[in-house]
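> Listed below, chain by chain, are the residues.
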Amino acid sequence: MSGKTGSTWRGQLISPIAVIAGLLAWEISARLFIDPFFLPPVSVIFLGAVELYQKDLLFVHIGVSMARILTGWVLGSLIAIPIGLIVGSFLTAKRIVDPFIHFLRFIPAIALVTLFIVWFGVGELSKILLVMYATSFIVLINTATGVGTIHENKKLAAQTFGANAWDIFLLVTIPAAMPSIYVGMRLALASSFLVIVAVEMLAAESGLGYLIWTSKLYFKIDWMFVGIFLLGFLGLVSDYAWKMIGKHVLGRFVRESANY
Amino acid sequence: MTIDLNQVAFSYATTQGSGPLILENIDLTVPEGEFLILLGPSGCGKSTLLRLIAGFDSATRGRVTIDDKPIRGPGKDRGMVFQDLTSALYEWLTVRGNVEFGLRISGVKPEERRSRCDEALQMVNLLAHADKFPDALSGGMKQRVQIARMLAMRPSIMLMDEPFASLDAQTRQMLQNQMVSIWNDVGGTAIYVTHDIREALNLGQRIILMSAGPAAGIKHTYDVPMDYPRNQTDPVYIDLLERISLDIEEEVKKVWV
Ligand SMILES: Nc1ncnc2c1ncn2[C@@H]1O[C@H](COP(=O)(O)OP(=O)(O)O)[C@@H](O)[C@H]1O
Ligand SMILES: [Mg+2]
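Chains as they are written, first to last, in the numbering used here: chain A, 767 to 1026; chain B, 40 to 296.
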C-alpha cells in the first residue's frame, strides 16, 4: 500500500476528480480551439451515444463484441492452461511443442484474419477462433513459465511426505502456477480487445470495430468516438472485474499478482 | 533405523557427463536415536551429503543404506527442514494447511489429522498462529512451520539443513533449545547441518567435521560427552570449541590460499 492518502476517503476521490477534470478540459478545449471534425466535444459524443441507443444499436455492438471477446478468451485459456502445465512440467513435451509455439506466437492474429475467414467462414466461429488464438499463446507461455519457476524445494518437500508425481502435479504445481496463469489471462484479455477490433473492421456486420469503421464511411465522427471510448471503457471494466475476481475469489492463490 | 554410508562418492551430473567429485570416501554410520552434526566450511558439501540421505540425489559411487536397504528416493521415514525460509513452504496454504499437507496425502482421517497437526504445532509453540498464512510469519516462525510439518509425519529420521542460519542470534538460540527438547520428546535420529561450531556443540552428541572440497571427506569426528542444555563455560565445552576451531580453520585456509 502506498502512503496515507491511498486508503482514506479523500484518497478514494482523487481518481474520479482527475477523470472529471480531464473530461472538462477536453470539452472546453474542443469547443474553443479544435475543429469538431477532428475531435468533437465530450457532450457531442455523449449525444452520439444516445442516438445509437435510440436506434437500438448501442448495446448490440457492445454485446456482440464482448461476447466474442469473452468466449474466445475463456475457451482459449481453457485450452492453453493444461498445455502450459504439461509443457512446463515435462521436458519432452516442451521440446515437442516449443518450436511451434515460438514460431506461431510471432504471427499476430491480425495477419490471420483473412485466412481464418476463408477457413472458417464469415460467421462468429472465425472471430472467436482468432481471439482464442491470440489468447492461448499468451496464457500458455505464462503458465509454462510459472511452472518452470516453481522452486525445487516445494516438490522435494512433498516427496518427503510420500507424494507421487500426480499428487505433486495436483497439489503443488497447479496451485504454485496460479499467479502466472492469472497474470497471463489478464494480458490475454487486453490483446483480445486488439484482435476483435481488427477482425470487426475487416469482416463483420456488427461490433465496436464495425461501428468505428463504418462511422468513418458515413462521416459520423461522433459515433466513431463512441466506439473508441467504449473500447477503453469496456477494457477498463473487464480488467477491473478480473482484478476483483483475483482479489476476492482466487485470493490466496494469486496473492500480490492482483494488486496492480 | 541405522543409516550407513559406505565409500560414498558423489558428483553432480552436468551436460558434459559427470562434474568434479564433490564428496569422496565417505564412511559413516548413524545409529538410531543419535543427534548427529555435519559441520564444515561453506561449500564443502554438507547439503549434498544430506540430500544423499534424503534420497533427493543418489551416490555416484558407494552405498547409502537404511537398515541395510539401499535408499531409492525420498520417503516418509525421513523428514527434511530446508535452509531456505520461503521456498519449501506452500504459501497458498495456512500454517495448518502446510502441517496437514503430508497427512492428507497419506490419507490420514480428518480427526486424527487435526490432532496430529495440533500436537506438532504445540511442540513448536505455533498453535496460536495456525490460521495464518506463511507470508505473515517471521523467519523463525516459518522455520518452526517446517519443523512442525516434519514432526506431524513422525519420521524416524529428521534431516535439517542449517535451519536457523538466517535467523538473528536470539531467535537462533531459542530455537536450538527447542530443537533439543523436541528431539528428546519424539526420539528418533536427527542429522543437523551447520557451519557454526557453537551451534554444533549446543545440539550434537557427535560432530562430523568435513574437509574443504572439492572431493570433501570426513576429516575428524568429535564426541560431545555433555548433558543438555550445554553449559558454554564448562571446560569440556571450551576445550572442544578450541580444538574444532583450529581444525576447521585449517580447512578454510586451504580454500583461501
Ligand atoms: N545442483 C548443483 N549442481 C552442481 N554443483 C552443485 C550443485 N549444488 C551444489 N553444487 C556444488 O557442490 C559443492 C557443495 O555444495 P553444498 O553441498 O551446497 O555445500 P554446503 O552445504 O556445505 O555449503 C559446491 O561446490 C557447490 O558449488
Ligand atoms: Mg548447504
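Just so you know, the hints here were simulated from the structure itself, not pulled from any lab data.
Note that this is a predicted model, so its numbers are computed, not measured.
Each residue gets a CB set at the ideal place from its N, CA and C atoms; glycine is no exception.
You may find that some hints are simply not true.
[Stated by the list, open to error] Computed from the model, here is a short list of chain B residues facing chain A with C-beta under 10 Å:
#1 A93
#2 G94
#3 A127
#4 M162
#5 P194
#6 R211
#7 M213
#8 L214
[Said to hold, decoys possible] Below 30 Å or equal to it, Euclidean Cα-Cα: the simulated BS3-like pairs (lysine-lysine) are:
#9 A:K921 - B:K108
#10 B:K148 - B:K115
#11 B:K171 - A:K921
#12 B:K258 - B:K108
#13 A:K920 - A:K1009
#14 B:K115 - A:K921
> So, against the hints stated earlier in the document, which numbers end up violated here?
Numbers 4, 6, 7, 8 - these are the hints that the structure violates, sorted from lowest upward.
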